[in-house]
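Top line first, the protein sequences correspond to chains A and B.
To convert a position in the first sequence, counted from 1, into my numbering, add 33.
To convert a position in the second sequence, counted from 1, into my numbering, add 554.
No wet-lab data here; the hints were simulated from the structure.
Heads up, some of the hints might be wrong.
As the list claims (entries may be wrong) - Rough simulated footprint, nothing fancy, chain A against chain B, three-plus residues with beta-carbon under 8 Å:
| id | stretch |
| --- | --- |
| 1 | 570-581 |
| 2 | 584-597 |
| 3 | 606-612 |
| 4 | 632-644 |
Said to hold, decoys possible - Below, computed lysine-lysine pairings styled on DSSO-like, alpha-carbon distance capped at 30 Å:
| id | chain 1 | residue 1 | chain 2 | residue 2 |
| --- | --- | --- | --- | --- |
| 5 | A | K422 | A | K388 |
| 6 | A | K422 | B | K557 |
| 7 | B | K586 | A | K160 |
| 8 | B | K557 | B | K595 |
| 9 | B | K557 | A | K160 |
| 10 | B | K557 | A | K136 |
| 11 | B | K595 | A | K388 |
| 12 | A | K160 | A | K136 |
| 13 | A | K136 | A | K388 |
| 14 | A | K520 | B | K586 |
| 15 | B | K595 | A | K136 |
| 16 | A | K422 | B | K595 |
What the hints assert, rightly or not - These stretches of chain A come out as covered by chain B in the derived footprint (C-beta under 8 Å, 3 or more residues):
| id | stretch |
| --- | --- |
| 17 | 68-79 |
| 18 | 520-529 |
Every residue gets a Cβ at the ideal spot worked out from N, C-alpha and C, and that includes glycine.
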Amino acid sequence: MSERDVTFYFEGRRLAGRRGEPIAKALFRAGVRTLSYSVKYKRPRGIHCARGRCVMCHMSVDGVPGVPTCITPLEDGLRVERENYQPFFAPILTAAVRLFPFKAGFYYRMFNRPRWLRRFFLHNIRKMAGVGRIRTDPGAHGIRPAGGSGREINPETERASFADAYDIVVVGAGLSGLNAAHEASRHGTQSPSASGLRILVIDEYGKPGGHWRGFLIDSEMAASRDRIIEETLSRNDICYRPGTTALGFYPPDTLLIGSGGSTGFEPYTGLGTGSGGTAVANAVTHGVKRIRARAFVFATGAYDVTPLFENNDTPGIFGPRAIRLLLERDRLRPGTRAVVYGTGGLLEETTALLKHHGIRVASTVKPGGETKRIGDYQIQGRIVSARGKEWITGITVAVEADGKGGNVARRSIDCDMLCIAFPGQPAYELPYQAGFDYTLTDDPLDENRTLLPRGTAIASNESGVCVVVAGEAAGVTDAEAKVASGKEAGRMAAEAISS
Amino acid sequence: MAKTILCHCEDIEIDELYSALEQGYGDLETLKRYTGIGTGKCQGKCCIVQTLRLLASLQTSHTRESMMGDPDLIHLPTIRPPVLPMRIDDIADMEEDTP
Numbered sequence: 034m035s036e037r038d039v040t041f042y043f044e045g046r047r048l049a050g051r052r053g054e055p056i057a058k059a060l061f062r063a064g065v066r067t068l069s070y071s072v073k074y075k076r077p078r079g080i081h082c083a084r085g086r087c088v089m090c091h092m093s094v095d096g097v098p099g100v101p102t103c104i105t106p107l108e109d110g111l112r113v114e115r116e117n118y119q120p121f122f123a124p125i126l127t128a129a130v131r132l133f134p135f136k137a138g139f140y141y142r143m144f145n146r147p148r149w150l151r152r153f154f155l156h157n158i159r160k161m162a163g164v165g166r167i168r169t170d171p172g173a174h175g176i177r178p179a180g181g182s183g184r185e186i187n188p189e190t191e192r193a194s195f196a197d198a199y200d201i202v203v204v205g206a207g208l209s210g211l212n213a214a215h216e217a218s219r220h221g222t223q224s225p226s227a228s229g230l231r232i233l234v235i236d237e238y239g240k241p242g243g244h245w246r247g248f249l250i251d252s253e254m255a256a257s258r259d260r261i262i263e264e265t266l267s268r269n270d271i272c273y274r275p276g277t278t279a280l281g282f283y284p285p286d287t288l289l290i291g292s293g294g295s296t297g298f299e300p301y302t303g304l305g306t307g308s309g310g311t312a313v314a315n316a317v318t319h320g321v322k323r324i325r326a327r328a329f330v331f332a333t334g335a336y337d338v339t340p341l342f343e344n345n346d347t348p349g350i351f352g353p354r355a356i357r358l359l360l361e362r363d364r365l366r367p368g369t370r371a372v373v374y375g376t377g378g379l380l381e382e383t384t385a386l387l388k389h390h391g392i393r394v395a396s397t398v399k400p401g402g403e404t405k406r407i408g409d410y411q412i413q414g415r416i417v418s419a420r421g422k423e424w425i426t427g428i429t430v431a432v433e434a435d436g437k438g439g440n441v442a443r444r445s446i447d448c449d450m451l452c453i454a455f456p457g458q459p460a461y462e463l464p465y466q467a468g469f470d471y472t473l474t475d476d477p478l479d480e481n482r483t484l485l486p487r488g489t490a491i492a493s494n495e496s497g498v499c500v501v502v503a504g505e506a507a508g509v510t511d512a513e514a515k516v517a518s519g520k521e522a523g524r525m526a527a528e529a530i531s532s
Numbered sequence: 555m556a557k558t559i560l561c562h563c564e565d566i567e568i569d570e571l572y573s574a575l576e577q578g579y580g581d582l583e584t585l586k587r588y589t590g591i592g593t594g595k596c597q598g599k600c601c602i603v604q605t606l607r608l609l610a611s612l613q614t615s616h617t618r619e620s621m622m623g624d625p626d627l628i629h630l631p632t633i634r635p636p637v638l639p640m641r642i643d644d645i646a647d648m649e650e651d652t653p
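Kindly generate the complete structure, drawing on both the sequences and the hints.
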């Protein structure tokens, strides 16, 4: 028995796991794949985004509700429970609720009368929705769901490690964020007036590189990735803080940041050799701080989006970022036979990634429009439904025989995981708060159109602060374009503050 | 039972969006209030763009043209900080702002 072997409790059952691995991974290995039930229809939900952004893995840990178990490290003796899940009458309740006709706005119309019963209805509806109970005993205050397995976290020192103000703050250390910081730093040292800038690069992950893709099918890409990480983070004027999440932008010049605290994960191995801790994305902060800057570059990336088809919330469906995090950060293979659904380079990269990790790709599904075939296993069409109760067991594709939507035939494919490879939703929150207006791309025939900011820079807002958006947050999906977008953003930020 | 889920946090299926549209709620800011799209724990990290795509495609399809005529209806709802869930004691412990 190694030092890392620990035991924990899942709804009273004693299970074995390894210290520091994500709780969700330990549960998965122990055969627990349903981590929560959805609020209304009580549909089973499993690990999905793997980065603490969706709610599907939220569980109660040691009595603290809403803990994202996909990014919270396991400790000895933890008590993990599904939230407000009462095993005794849950099956009856679930069946009843699934038949209930929830129409839009039902809560404005139903259960309000008779008035004397309203409190009773409200109480029970809230209980059934089930998002856990908050502990109110004195011991609860000290519980930090995502801390403790590695270094001790002191919010005071976490805060103190940041200055109050910087010249440029880059949010996101992915492909475009790194290029932006590099370019800004280069400009800062070149201009005669400036003696170097104070640049802060923050990233939610413990390793730089973000969700950098493409290196599996392109060795040149891999080399350039390692080079830019090395070159950027070794510069004297760049301060890189991993495990730090931007929580909000307050115009004109203030950014709220939170230090992530989860340690003990194995480093995000696929992602470069740069310095930094091993903290991963953490929705639970350990000390927050306001920082100011004269320029901001938002290279915040994008979120995975699952397309709309029947049962698109079945556990076992993962986005392109999630599958990389699971395979490379967590070393967790969520299935053995995959279907990849997507377009373009992302489809090829995701397929290559799965094969690299020994997962059989049963088929790739690509919506019509192009007739090029990658291999015999590729189907042109779109997924219309997924099946499987607790976990995905297969999908149904509407096959487009002529690539133009005509001659639709249904084809069923068995699989135990479905990987989505469409562009995600730009993480527009911070740029939007800083004043960027986002709109959908124009092409009405493109059903995966993304949000785009109108313009990529606000040269100076009312206080002379320059705000730039770069990379996937600006709707850029191609790797080379991301580099260019990052460089351009860095240059604009550096020029804005030197003038 | 087969459902197409638009918003995972609040468990809103696509039929609920259509039903809200038929009841006359046409822009995302109102739909958000009426159906609950984007008001869950993740604050719309994947459903906002899906809803906008749907609204845009309905706008271009002729059948619903009368209902969804105004391109200005396709805009993002307000997103307030913090953009991620954070602990209330972190806010309470935050140092005072010195202007």
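Structure-based check of all given hints:
With a cut-off of 8 Å between beta carbons, the stretch 570-581 of chain B has 6 residues touching chain A; three or more are needed, and the interface restraint holds. With 6 residues carrying a beta carbon less than 8 Å from a beta carbon of chain A, the stretch 584-597 of chain B meets the three-residue requirement, and the given coverage holds. Counting residues of the stretch 606-612 of chain B whose beta carbon lies closer than 8 Å to any beta carbon of chain A gives 5, which meets the minimum of three for the stated coverage. Counting residues of the stretch 632-644 of chain B whose beta carbon lies closer than 8 Å to any beta carbon of chain A gives 11, which reaches the threshold of three, so the coverage claim holds.
For the suggested pair A/K422 and A/K388, the alpha carbons sit about 26 Å apart, so the restraint of at most 30 Å is met. For the hint linking A/K422 to B/K557, the alpha-carbon distance of about 13 Å falls within 30 Å, and the restraint holds. Note on B/K586 and A/K160: the hinted pairing holds, with a Cα-Cα distance of about 23 Å set against a maximum of 30 Å. A threshold of 30 Å between alpha carbons decides the hint, and for B/K557 with B/K595 the separation of about 21 Å falls inside it, so the pair holds.
Among the hinted pairs, B/K557 with A/K160 is consistent with the structure: their alpha-carbon atoms are about 23 Å apart, no more than 30 Å. With a C-alpha separation of about 13 Å, the suggested pair B/K557 and A/K136 falls inside the 30 Å cut-off, and the hint holds. For the given pair, B/K595 sits about 34 Å from A/K388 by alpha-carbon distance, which is inconsistent with the 30 Å threshold. For the hint linking A/K160 to A/K136, the alpha-carbon distance of about 20 Å falls within 30 Å, and the restraint holds.
For the hint pairing A/K136 with A/K388, the CA-to-CA distance comes to about 43 Å; that exceeds 30 Å, so the pair is violated. Pair hint A/K520 plus B/K586 does not hold up; C-alpha atoms about 36 Å apart against a cutoff of 30 Å. Between the alpha carbons of B/K595 and A/K136 the distance comes to roughly 21 Å, so the proposed pair stays at or under 30 Å and holds. The hinted pair formed by A/K422 and B/K595 meets the criterion: a straight-line CA distance of about 24 Å does not exceed 30 Å.
For the stretch 68-79 of chain A, the stated coverage by chain B is satisfied: 6 residues place a CB nearer than 8 Å to a CB of that chain, which reaches the threshold of 3. Counting residues of the stretch 520-529 of chain A whose beta carbon lies closer than 8 Å to any beta carbon of chain B gives 0, which falls below the threshold of three, so the coverage claim is violated.
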